[in-house]
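A.B. asks: Hey, can you work out the whole structure from these sequences and the hints?
Chains as they are written, first to last, in our numbering: chain E, 4 to 516; chain Z, 375 to 544.
Everything labelled a hint here was simulated from the structure, so no lab data went into it. Since we're looking at a predicted model, the values are computed, not measured. By construction, the Cβ of each residue, glycine as well, lies at the ideal position given by its N, Cα and C atoms. There's no promise every hint is true.
[Stated by the list, open to error] For each label pair, taking beta carbons as the anchor points, the in silico distance ranges come out as:
| id | chain 1 | residue 1 | chain 2 | residue 2 | range |
| --- | --- | --- | --- | --- | --- |
| 1 | Z | A404 | E | I48 | 34 to 44 Å |
| 2 | E | D361 | Z | F422 | 53 to 63 Å |
| 3 | E | A335 | Z | D449 | 46 to 56 Å |
| 4 | E | Y346 | Z | E501 | 49 to 59 Å |
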Amino acid sequence: MEVNAAFFVDLFFHTFEFWWVIIPSIFLGLIVGAIPGFSAANTIIILLPLTLLMEVEVGLMFMVALYCSSRMGAGIPAILVNIPGTAGAAATPLDGYPMVKKGLGQQALAISFVSSTFGGLLTTIVALAAMPILAQVGFYMHSVEMIVVMLFGISLIASIAAKDTLKGLIAGFFGLMIGSIGADHVYATPRGSMGFLELYDGVPLIPALVGLFAVSEALIVIEGGKVLKDSKQIEKVHTSWAATIEGMNIALSHWWHITWTSIIGLIIGVIPGAGASIASFVAYQQSKTYSKTPELYGTGHPAGLIAPESANNGVTSGTLIPLLVLGIPGGATAAIMMVVLQYQDVQTGPRLFLDRPDLGYGVFMAMFVTYLLMILTIMPLSRYMSRVTLVSTAYMSPLIVAFTLIGSFVPRDYMFDMYLAFAFGAIGYLARKTGYHVAAILIGVILGPLLEQYMLRALKMSQGDIMVLFQSDLANVLWAILALTLLLPNFMARSRNKKRLAEQSNSVFSEDT
Amino acid sequence: MTNPDNTKGEKPVPLGGELIIPVLALAFTAYYFSTIIDSPWTAQVNAFLVGSILITVILIYFVTVALRVIRKQADLKLGKLLEPYSILPTKLIYIGLIIGYLIAIEWFGFTLSTFLFLASSMMLLNEGKNKRFTIALAAILSLIGYGVFIVAFETRFPDGFFEKFMKSVM
Numbered sequence: 004m005e006v007n008a009a010f011f012v013d014l015f016f017h018t019f020e021f022w023w024v025i026i027p028s029i030f031l032g033l034i035v036g037a038i039p040g041f042s043a044a045n046t047i048i049i050l051l052p053l054t055l056l057m058e059v060e061v062g063l064m065f066m067v068a069l070y071c072s073s074r075m076g077a078g079i080p081a082i083l084v085n086i087p088g089t090a091g092a093a094a095t096p097l098d099g100y101p102m103v104k105k106g107l108g109q110q111a112l113a114i115s116f117v118s119s120t121f122g123g124l125l126t127t128i129v130a131l132a133a134m135p136i137l138a139q140v141g142f143y144m145h146s147v148e149m150i151v152v153m154l155f156g157i158s159l160i161a162s163i164a165a166k167d168t169l170k171g172l173i174a175g176f177f178g179l180m181i182g183s184i185g186a187d188h189v190y191a192t193p194r195g196s197m198g199f200l201e202l203y204d205g206v207p208l209i210p211a212l213v214g215l216f217a218v219s220e221a222l223i224v225i226e227g228g229k230v231l232k233d234s235k236q237i238e239k240v241h242t243s244w245a246a247t248i249e250g251m252n253i254a255l256s257h258w259w260h261i262t263w264t265s266i267i268g269l270i271i272g273v274i275p276g277a278g279a280s281i282a283s284f285v286a287y288q289q290s291k292t293y294s295k296t297p298e299l300y301g302t303g304h305p306a307g308l309i310a311p312e313s314a315n316n317g318v319t320s321g322t323l324i325p326l327l328v329l330g331i332p333g334g335a336t337a338a339i340m341m342v343v344l345q346y347q348d349v350q351t352g353p354r355l356f357l358d359r360p361d362l363g364y365g366v367f368m369a370m371f372v373t374y375l376l377m378i379l380t381i382m383p384l385s386r387y388m389s390r391v392t393l394v395s396t397a398y399m400s401p402l403i404v405a406f407t408l409i410g411s412f413v414p415r416d417y418m419f420d421m422y423l424a425f426a427f428g429a430i431g432y433l434a435r436k437t438g439y440h441v442a443a444i445l446i447g448v449i450l451g452p453l454l455e456q457y458m459l460r461a462l463k464m465s466q467g468d469i470m471v472l473f474q475s476d477l478a479n480v481l482w483a484i485l486a487l488t489l490l491l492p493n494f495m496a497r498s499r500n501k502k503r504l505a506e507q508s509n510s511v512f513s514e515d516t
Numbered sequence: 375m376t377n378p379d380n381t382k383g384e385k386p387v388p389l390g391g392e393l394i395i396p397v398l399a400l401a402f403t404a405y406y407f408s409t410i411i412d413s414p415w416t417a418q419v420n421a422f423l424v425g426s427i428l429i430t431v432i433l434i435y436f437v438t439v440a441l442r443v444i445r446k447q448a449d450l451k452l453g454k455l456l457e458p459y460s461i462l463p464t465k466l467i468y469i470g471l472i473i474g475y476l477i478a479i480e481w482f483g484f485t486l487s488t489f490l491f492l493a494s495s496m497m498l499l500n501e502g503k504n505k506r507f508t509i510a511l512a513a514i515l516s517l518i519g520y521g522v523f524i525v526a527f528e529t530r531f532p533d534g535f536f537e538k539f540m541k542s543v544m
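C.D. replies: The structure is reproduced here in structure tokens:
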């Protein structure tokens, strides 16, 4: 079978013939993505008996569509009620929820859908074109390089802390400390686990996410009557399709922003073990660093919503590259896909593209078609979804508490995790009421254990020599970019201030003359 | 006589509530250190690095708060933490209901305890209005939860009366 333009055109139309499996999978993915605790990975596991019975192509379409749409689904509650469906959407509410509070929920959803879709489409095309090169990225990213990537994400704490440095740093480092709970990676010594066996593997992410965002939010929202209190904001929610179109236009006008943040997601996605949460934090942080209006981030700025949403959809394409090209799964969902493919006697790795190019390239084409169908099916719904913000909090808050606490039970089937989510809820509530950023705590909880893991690995390999952090060319380049990222905002802010002062003095001078 | 550091006569900012998170963080860090003091270096290195930065930042924060309190620009009242006071009793009962829900789920199973929690807390937050609607809504939502979580996704929640009954019927 020759792989040329005609092959891809044929493959595209052939993939479209599976719309009957893709569209229901999209809706299933949106639902499981939106409920904290559920994910594409555990849904595929639950439905594994069904998936194994399907023909290999149908099974692949189902898994790919579910995977892509669950990523988008996780952003919907993050925007509407400040509750990310997965850790990959943890950076989405930073600007998504403030938009909702301004009465711009419909626009925020449209922005999220467009940036997710275009981020996903674009990275699928890039993945198809540059698969052999991208597949090598994982080989160059060792522990040292990964430490720097983690620090990119953690440096977002500094950005968040910009408004109140000390409180931001306290929240972030408290999160890092909580993230250090669990047995150490070398000798399995229990640390800070308060005697709970359930914490030996570390702090589970879903209870932390549910508690810090959902439970605390549920306690906060009952203080008002509705998410939106201002009559002008409520009026905005009642507007017509124009709001959806406005959101689409805003997102499309940021096409370059979508492009580069989704590429960040793609590259991070290719690295085994890295995931959507790292990608979305790194993308948000980079987006803020190079923005001309960094002060608007966190206040409902569209660019702050576009960055994490494009990046976490870029990850989707990235995680499948090592699986298909090298036979190494880049994440949990990719690992389950590999099991399904192996059951069907399909071996992943370089030979897949020689023996079964229809399947190898077909996975990415399935992704491409899924994103196309997803934007067509979900966009009309944004108008109705945004009305969630008008539901009385007397009904909304108990619903959030009940279903998110249940969600925290699901990944491990431990009652302990529900209590843990409640404990995180109490911390989140105290933090919010006293001006500490829960996102900073969560960044620490998510990235802390990963940073420790890579740091220990690097130190063990170098026999404790800290200089190992600067002995790789790629790591040094990444260190330089990190330093630039941390220093640049100050220089940019200074030059903006100078420019503004110069303009002011010019205008005063011209008025005088 | 007006305070020279607070010449405008502005009300002191209540910072007591803002000390809760740092105090919690400090206590947890001290406890964490106590669990690793005799551990190998691999278990200590990250925690000592992160923990020492955290302690330093917290101490700086405490000093800034203390200086503001001495200058009478701030006091140690809880401030916004308990506000709005009008809803405080409702909020405390609601928190009690959440804790009750977590305990009840082990005894009564998922569906029944979810129904009881939803109905009671919605009624509480709605000040007893629309009782019939609230009960119907709680029943529908807990049945949807049963269908999605237990029947479709086979989540292993503790069984209660309702789940056992449905199992015997199905």
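A.B. asks: Look at each hint and say if it fits the structure.
C.D. replies: Here's how the hints hold up against the structure:
1. Z/A404 <-> E/I48: 34 to 44 Å: 41 Å, holds
2. E/D361 <-> Z/F422: 53 to 63 Å: With Cβ atoms ~55 Å apart, the hint holds.
3. E/A335 <-> Z/D449: 46 to 56 Å: 50 Å Cβ-Cβ, so the 46 to 56 Å window holds.
4. E/Y346 <-> Z/E501: 49 to 59 Å: At 56 Å between Cβs, range holds.
Consistency note: the structure conflicts with none of the earlier hints.
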